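Chain by chain, the residues run as shown.
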Amino acid sequence: MGKLLELNNVHSYYGHIHALKGISLHVDEGEIVTLIGSNGAGKSSTLRTISGIIHAREGKVSFDGKDITHIEPHNVVNMGLGHVPEGRGIFPKLTVQENLEMGAYTINDPKAIKERIELVFELFPRLKERILQFGGTLSGGEQQMLAIGRGLMLNPRILMLDEPSMGLAPVLVDLIFDTIKKLNDKGTTILLVEQNALMALSIAHRGYVLQTGGIVLTDDAAKLKQNEMVQKTYLGIE
Amino acid sequence: MKQFAASPVYKFFLFPIGQIIMFALGSSVGLSLITVLLAYVFKFNVTNFDLVERSLLILPQVVINGLTIGFVYSTIALGYTMVYGVLEFINFAHSEIFMVGGIVGVQLIAYFEHLGILATLNQYLVIALAIILAIIISGSLAVTVERVAYKPLRGAPKLVPLISAIGMSFFLQDAVRLILSLTTGEFNVILPQFGTFDEFLLVALPGMADPLRIQIKSVIIVGIAVLMLVVLNFLVNGTKVGKAIRAVAQDRPSASLMGINVSQIISITFLVGGALGGAAGVLFALKATKLDPFVGFFPGLKAFTSAVLGGIGNLTGALLGGLVLGLLESFAASYLSIFTNGAFGAEYKDIFAFAILIVVLIFRPSGLLGETVGQKA
Ligand SMILES: Nc1ncnc2c1ncn2[C@@H]1O[C@H](COP(=O)(O)OP(=O)(O)O)[C@@H](O)[C@H]1O
Ligand SMILES: [Mg+2]
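Residue numbers (the numbering used here), protein chains in the order written: chain A, 1 to 238; chain B, 239 to 615.
A few of these clues could be false.
Claimed, not checked - Derived Cβ-Cβ restraints for the label pairs, each shown as a range:
#, chain 1, residue 1, chain 2, residue 2, range
1, A, Glu58, B, Glu326, 30 to 40 Å
2, A, Gly80, B, Gly476, 26 to 36 Å
3, B, Gly476, A, Tyr14, 32 to 42 Å
4, B, Gly476, A, Gln195, 33 to 43 Å
5, B, Gly476, A, Asp219, 49 to 59 Å
6, B, Ile401, A, Tyr14, 48 to 58 Å
To be verified - Result set (DSSO-like, lysine-lysine): computed pairs, CA atoms no more than 27 Å apart in a straight line:
#, chain 1, residue 1, chain 2, residue 2
7, B, Lys249, A, Lys128
8, A, Lys60, A, Lys21
9, B, Lys481, B, Lys389
10, A, Lys21, A, Lys225
11, A, Lys3, A, Lys181
12, A, Lys186, A, Lys232
13, A, Lys182, A, Lys223
14, A, Lys128, B, Lys481
15, A, Lys182, A, Lys114
16, B, Lys478, B, Lys281
17, A, Lys128, A, Lys182
18, B, Lys478, A, Lys114
19, B, Lys389, B, Lys455
20, A, Lys21, A, Lys3
21, A, Lys60, B, Lys389
22, A, Lys3, A, Lys182
23, B, Lys389, A, Lys111
24, A, Lys114, B, Lys389
25, B, Lys249, B, Lys478
26, A, Lys111, B, Lys249
27, A, Lys114, B, Lys481
28, A, Lys128, B, Lys455
29, A, Lys225, A, Lys3
30, A, Lys21, A, Lys182
31, A, Lys111, B, Lys478
Rather than coming from a laboratory, the hints here were simulated on the basis of the structure. Note that the structure is predicted; figures quoted are calculated from it, not measured. We put the CB at the ideal spot given by N, CA and C, even for glycine.
Hey, can you work out the whole structure from these sequences and the hints?
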């Protein structure tokens, strides 16, 4: 079990806004690692820097031993790194089917695409019922299923999920977390960003706590759950 | 029925053609009815002839003229609207891409004449070659302009690439003027006379004494424009690249996470838009017969207006907007002076067309159809 993903002293900016101030973290093959932190801490920016939507101005991002700091997202994705963005990013005016096909954009074999779509439907049967519906007309939960399903179309080695539980009813949150667990059991490494820290720490192996662009704490998930600061700030336990 | 709707012949041939016919017929009939109605209203204004009769007499010709220029506007408007749909950016240099296409096409034909082979070549082959050359040159020029003047500014505030586009527009005008002056000593280019394009087809209409006279070049212009529109529809709705264009238009970061090379898709969008503009340039040259480096301005402005009228970013809207604007212009040019007994002349047609645009936008700010490139056309 080697380091699949590693960030070393990463600094990222939006114009003059210094969003990440020296992030170092790693995710090992087979793990579920979670990033927790309040709004604006830099969780999404961390995922964006990894997939290349924004590039680190300083520091290094490596995936599977290769330096990907300056690689464009479409190439990063093809190396086996899936990113389900915050807000789901589904294409509102493409159908469920077309959204999934977009997820397999770099696959040219129609048969392989069909097989992948079938696998996604096994995971989320609800999507199959909506196959010809436009993405924008799905419910929040269905959109999240679609976003995750689409992120799985290239069979990534690591799947990064940005707040998959956002805005979902509790039953659906459970379903999404069960699915994440299931994917991990089948061998997909997971990097999970969550505001719902309790749920995230329950399924993760390890966690990092982010505050204003820096990592302030890291430990095994079980220990983080017991940590006084984490309990007070993120779990709402006094 | 569902099976039929899904068949490629329907989706990529019958449907777009049907849509074009519907739009052309719909806007022609609509404007004709309004005109006849107005003829009755203004009848008392005119005493020396029957206004209604006179209006009906010239109506078919007015419609044909309007549709001919309308299809040219539509073809140019698609270039504006595609780029807008993908980048939310108005490529003001598109009018110059169009101009370059026209000039390149005319120069090729002039070169054939210079070689003394123009009269011996098949006239349709000549047009086809001119259009192909214009497509290649204008398409690559549009891609280059994007690389040089817009791509480096992609992260900048929206006004910045807009200014760059206006600068590019002036640059291209003067560059073409310079090149033409240096190579030919003259920056007006004139389409040589050849073939039978200026001749008329006579179509007998039931119930009318005189046959309808349709200039062959009008048929060619409309025919080629329709062909381009059908090809574009197939490209956007029937191919993987088209789907990627729609995906980038809907959500750019998300598209990049699908493994779509966004820069490449943007280049392809400019290539397609530029190619359409170039082809439209040759069609326009067929009609105008004399071009100069500044000739892109008005058709460009009208096409941009068409795109806004139809709903900028919407491909179907650009088609409809172009037809409506072309017809409006043609109707205004012919009827303004008749209806007002000469108080207003044809020169007011532009004011009239733009006034209609303003009225439409006041009541429908998103344009007639108002959706996006992301939408299936
Ligand atoms: N597109 C953007 N442009 C400018 N600043 C941004 C942008 N996205 C995020 N930021 C800023 O970067 C910081 C980190 O944001 P983000 O990574 O979205 O936090 P989180 O995902 O933890 O809520 C915040 O200060 C936020 O305001
Ligand atoms: Mg976030």
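Do the hints match the structure? See the list:
{"no.": "1", "hint": "A/Glu58 / B/Glu326: 30 to 40 Å", "in the structure": "holds, 31 Å"}
{"no.": "2", "hint": "A/Gly80 / B/Gly476: 26 to 36 Å", "in the structure": "holds, 30 Å"}
{"no.": "3", "hint": "B/Gly476 / A/Tyr14: 32 to 42 Å", "in the structure": "holds, 38 Å"}
{"no.": "4", "hint": "B/Gly476 / A/Gln195: 33 to 43 Å", "in the structure": "holds, 42 Å"}
{"no.": "5", "hint": "B/Gly476 / A/Asp219: 49 to 59 Å", "in the structure": "holds, 53 Å"}
{"no.": "6", "hint": "B/Ile401 / A/Tyr14: 48 to 58 Å", "in the structure": "violated, 23 Å"}
{"no.": "7", "hint": "B/Lys249 / A/Lys128", "in the structure": "holds, 24 Å"}
{"no.": "8", "hint": "A/Lys60 / A/Lys21", "in the structure": "holds, 13 Å"}
{"no.": "9", "hint": "B/Lys481 / B/Lys389", "in the structure": "holds, 22 Å"}
{"no.": "10", "hint": "A/Lys21 / A/Lys225", "in the structure": "holds, 25 Å"}
{"no.": "11", "hint": "A/Lys3 / A/Lys181", "in the structure": "holds, 20 Å"}
{"no.": "12", "hint": "A/Lys186 / A/Lys232", "in the structure": "violated, 34 Å"}
{"no.": "13", "hint": "A/Lys182 / A/Lys223", "in the structure": "holds, 23 Å"}
{"no.": "14", "hint": "A/Lys128 / B/Lys481", "in the structure": "holds, 21 Å"}
{"no.": "15", "hint": "A/Lys182 / A/Lys114", "in the structure": "holds, 22 Å"}
{"no.": "16", "hint": "B/Lys478 / B/Lys281", "in the structure": "violated, 56 Å"}
{"no.": "17", "hint": "A/Lys128 / A/Lys182", "in the structure": "holds, 19 Å"}
{"no.": "18", "hint": "B/Lys478 / A/Lys114", "in the structure": "holds, 15 Å"}
{"no.": "19", "hint": "B/Lys389 / B/Lys455", "in the structure": "violated, 38 Å"}
{"no.": "20", "hint": "A/Lys21 / A/Lys3", "in the structure": "holds, 22 Å"}
{"no.": "21", "hint": "A/Lys60 / B/Lys389", "in the structure": "holds, 26 Å"}
{"no.": "22", "hint": "A/Lys3 / A/Lys182", "in the structure": "holds, 21 Å"}
{"no.": "23", "hint": "B/Lys389 / A/Lys111", "in the structure": "violated, 37 Å"}
{"no.": "24", "hint": "A/Lys114 / B/Lys389", "in the structure": "violated, 36 Å"}
{"no.": "25", "hint": "B/Lys249 / B/Lys478", "in the structure": "holds, 15 Å"}
{"no.": "26", "hint": "A/Lys111 / B/Lys249", "in the structure": "holds, 23 Å"}
{"no.": "27", "hint": "A/Lys114 / B/Lys481", "in the structure": "holds, 17 Å"}
{"no.": "28", "hint": "A/Lys128 / B/Lys455", "in the structure": "violated, 52 Å"}
{"no.": "29", "hint": "A/Lys225 / A/Lys3", "in the structure": "holds, 24 Å"}
{"no.": "30", "hint": "A/Lys21 / A/Lys182", "in the structure": "violated, 34 Å"}
{"no.": "31", "hint": "A/Lys111 / B/Lys478", "in the structure": "holds, 15 Å"}
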